[in-house]
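Colleague: One letter stands for each residue in the lines below.
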Amino acid sequence: MSGVRVAGTGLTPFGNAPERTSRDLFAEATQTAFEESGVPRADVEAVFYGNFMGELAEHQGHQGPLMAEAAGVQAPATRYESACASSGMAVRDAVMRVRNGEHDVVLVGGAERMTNLGTAGATEALAIAADDLWEVRAGMTFPGAYALMAQAYFEEFGGGREDLANVAVKNHDNALTNEKAQYQTAISVEEALDAPTVSSPLGLYDSCPLSDGAAALVLTSEEYADEHDLDAPVAITGTGQGGDRMALHDREHLARSPAAREAGTEAYADAGVDASDVDLAEVHDCFTIAEVLAIEALDLAQIGEGISAARDGRTTADGDVPINLSGGLKAKGHPVGATGASQIAEVTKLLAGTHPNSEHVADATTGLAHNAGGTVASATVHVLEVME
Amino acid sequence: MSNTDADTDTVRDAGFDDWLDAAEDGEAYYLECPEGHTSLPPRRLCPECGSADLTEQPLPDTGEIATFTVTHVPTPAFEDDAPYATAIVDFGPVRVTGQIVDRDPDEVETGQTVALDITRSETTDERVIGFTSV
Ligand SMILES: [Zn+2]
Numbered sequence: 001m002s003g004v005r006v007a008g009t010g011l012t013p014f015g016n017a018p019e020r021t022s023r024d025l026f027a028e029a030t031q032t033a034f035e036e037s038g039v040p041r042a043d044v045e046a047v048f049y050g051n052f053m054g055e056l057a058e059h060q061g062h063q064g065p066l067m068a069e070a071a072g073v074q075a076p077a078t079r080y081e082s083a084c085a086s087s088g089m090a091v092r093d094a095v096m097r098v099r100n101g102e103h104d105v106v107l108v109g110g111a112e113r114m115t116n117l118g119t120a121g122a123t124e125a126l127a128i129a130a131d132d133l134w135e136v137r138a139g140m141t142f143p144g145a146y147a148l149m150a151q152a153y154f155e156e157f158g159g160g161r162e163d164l165a166n167v168a169v170k171n172h173d174n175a176l177t178n179e180k181a182q183y184q185t186a187i188s189v190e191e192a193l194d195a196p197t198v199s200s201p202l203g204l205y206d207s208c209p210l211s212d213g214a215a216a217l218v219l220t221s222e223e224y225a226d227e228h229d230l231d232a233p234v235a236i237t238g239t240g241q242g243g244d245r246m247a248l249h250d251r252e253h254l255a256r257s258p259a260a261r262e263a264g265t266e267a268y269a270d271a272g273v274d275a276s277d278v279d280l281a282e283v284h285d286c287f288t289i290a291e292v293l294a295i296e297a298l299d300l301a302q303i304g305e306g307i308s309a310a311r312d313g314r315t316t317a318d319g320d321v322p323i324n325l326s327g328g329l330k331a332k333g334h335p336v337g338a339t340g341a342s343q344i345a346e347v348t349k350l351l352a353g354t355h356p357n358s359e360h361v362a363d364a365t366t367g368l369a370h371n372a373g374g375t376v377a378s379a380t381v382h383v384l385e386v387m388e
Numbered sequence: 001m002s003n004t005d006a007d008t009d010t011v012r013d014a015g016f017d018d019w020l021d022a023a024e025d026g027e028a029y030y031l032e033c034p035e036g037h038t039s040l041p042p043r044r045l046c047p048e049c050g051s052a053d054l055t056e057q058p059l060p061d062t063g064e065i066a067t068f069t070v071t072h073v074p075t076p077a078f079e080d081d082a083p084y085a086t087a088i089v090d091f092g093p094v095r096v097t098g099q100i101v102d103r104d105p106d107e108v109e110t111g112q113t114v115a116l117d118i119t120r121s122e123t124t125d126e127r128v129i130g131f132t133s134v
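These protein sequence lines map, in sequence, to chains A and B.
Under the UniProt record's numbering, the first sequence has 318 at position 318, and the numbering climbs by one with no breaks.
Under the UniProt record's numbering, the second sequence has 21 at position 21, and the numbering climbs by one with no breaks.
The hints are simulated quantities; they were obtained by calculation from the structure and are not laboratory data.
Among the hints, a few may not be true.
Listing some non-contacts, in silico: residues in chain B with all C-beta distances to chain A over 10 Å [stated by the list, open to error]:
no.	residue
1	ALA23
2	GLU32
3	CYS49
Rough simulated footprint, nothing fancy, chain B against chain A, three-plus residues with beta-carbon under 8 Å [stated by the list, open to error]:
no.	segment
4	112-121
5	125-139
6	151-159
7	190-203
8	241-251
All values derive from a computational prediction rather than experimental measurement.
We treat Cβ as the ideally placed atom computed from N, Cα and C, and that holds for glycine.
From just these sequences and the hints, can you work out the full model?
Modeller: See below:
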C-alpha cells in the first residue's frame with residue numbers, strides 16, 4: 001500500500017492556557033506545520049479536525065469551517081468527535097482519502113480547550129465519553145472507569161500500584177527533553193505512590209493532566225511529495241480502527257482492550273508489518289493502566305506482562321521498544337482532541353531523527369501511534385515508516 | 001449532564017427510568033433475544049445480532065462484585081457523595097454498574113455477593129443504581 005507522507009507537523013505547548021480559544025491554539029499549530037512542510041496553504045484540498053468537548057468548553061459546535069478559517073485555509077472542513085480518539089479518527093479518514101486519490105494535500109489535526117472548565121467541570125465534561133444512563137448516572141468518572149479496569153487487571157494478572165508508578169516515572173523521564181510537554185519534571189516511584197488517590201487504585205500520578213493545546217499535520221500523497229521535492233521522509237503506511245461496546249460492563253473482558261487489538265491488527269496488515277517490526281510507539285496512556293492494556297492489545301507485550309514492562313525496563317527509552325518517548329499523555333499532556341494528531345507528529349520526528357529523544361532510537365524505521373476513545377470503545381492505530 | 005439543566009431533569013428517559021421503577025419494586029429485568037444475547041434497556045434491537053424480538057427476563061436477585069473503585073474526585077453531581085465505591089456487578093446474564101451503599105468503601109472487595117438497591121444521590125437526590133450486601 002502506498003504511504004501518505006507527513007510533510008509537516010506542528011504542536012502548541014500543552015498545558016494550562018485557560019484563556020486561549022481553541023481556534024487560536026489550532027492556528028498556532030498549523031503555522032508551524034505549514035512552515036515545516038513548505039506546502040502552500042492554497043494547495044490544501046480538505047481539512048480534518050478533531051475535537052471532543054467544544055460544545056461544553058466553548059459553547060461552540062460546527063467547528064470544521066471555523067478551524068479551516070483559523071488556519072487560513074479555504075477548503076471544505078469536517079470536525080471529528082470520537083472522545084479522546086477524535087483526531088486519530090481525523091488522521092485515519094484523511095489518510096484514506098489521500099490514498100484513494102481524492103486529495104493530494106490535506107490539513108489534519110485537533111485542539112482542545114479544557115482548563116477553563118476547572119477540575120470539576122472538566123471531570124464532568126470528560127465523563128460524557130461514557131454511557132450517560134448506565135455509567136455516568138451511577139457516579140462513574142473517567143478515572144473511575146480506568147480504575148475499574150486496573151482493579152480487574154490486578155485481580156487477574158497480579159501487579160500493583162508500584163508497577164503503575166513505574167509507567168508514570170518513565171513517561172515523566174521521557175518528557176524532560178520535550179519543550180512542549182506540560183510536565184518537564186522527573187518524579188519518583190515514592191512520590192507517585194504518596195500522591196492523593198483519585199479513584200482507587202489510581203492516584204494523581206497515574207492520571208494525565210487537564211491540558212489545553214493543539215496539533216496539526218500537513219499530509220500529502222507520494223506523488224505530490226516527489227513532484228514538489230518535499231523533505232518528508234516519513235509516511236503513514238498503515239491505518240486501522242476498532243470498536244467495542246460503549247459501557248465497560250458490557251465488555252467481554254474488563255481488563256483488555258479488544259478495540260485496540262482490532263485497530264492494531266488492521267494497521268499492521270495494512271502496512272505489511274507485524275508487532276516485532278515496531279521500533280517505538282506512542283500509545284494512549286490517559287492513565288498508567290491504559291498504557292499497560294494498550295501494549296498488550298498491540299502485541300508489544302504478552303497478555304499479563306504489560307504491567308511489568310516499564311519496571312523491567314523493556315519500554316523505557318533504552319529498552320527493547322521505547323513507549324511514549326514524547327512523555328505520553330501522562331507527562332506531555334492530553335488536550336483530548338489534539339492527542340491523536342500529536343502522537344503522529346511525535347512518531348514522525350522520532351523516526352526522522354529530529355526529536356530530542358531520537359538518539360534513543362537511532363536506527364528506528366517503524367513506529368506506531370495508538371489513540372483511544374472512552375474506555376476504548378473506539379481506537380485507531382497508525383503505522384509510520386521511514387521511506388528514504 | 002443530567003443535573004445541570006432543570007428542564008431536561010424533569011423529563012423521563014423512557015426505558016431507563018422504567019427500569020429504575022421496576023428495580024425499586026424488586027422487579028428488575030434484562031433483555032434477551034431468541035439467540036440468547038442479553039442486554040440492558042432502553043433497547044429496540046439486540047446489540048449483538050440486531051433482533052427486534054427482545055423479551056424481558058427477571059434479573060437474578062444477587063450478583064458478584066467483578067471489580068470496584070473508590071472514587072475520591074467525583075463529578076459535580078456526586079460532590080457530597082464522595083468518597084464512594086463504584087462496582088461492576090456480574091448478575092450472570094448481564095453486568096450492572098452502580099454504587100455500594102451499605103458499607104464503608106474500604107471494606108469492598110471483589111467476589112462479594114450483593115443485591116440491587118436503588119438509592120438516591122446525596123448531592124442531587126437523583127436516583128442512583130446501588131448495591132447492598134446480602
Ligand atoms: Zn441477539
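Colleague: Going through the numbered hints above, which ones does this structure break? Give me the numbers in ascending order.
Modeller: none
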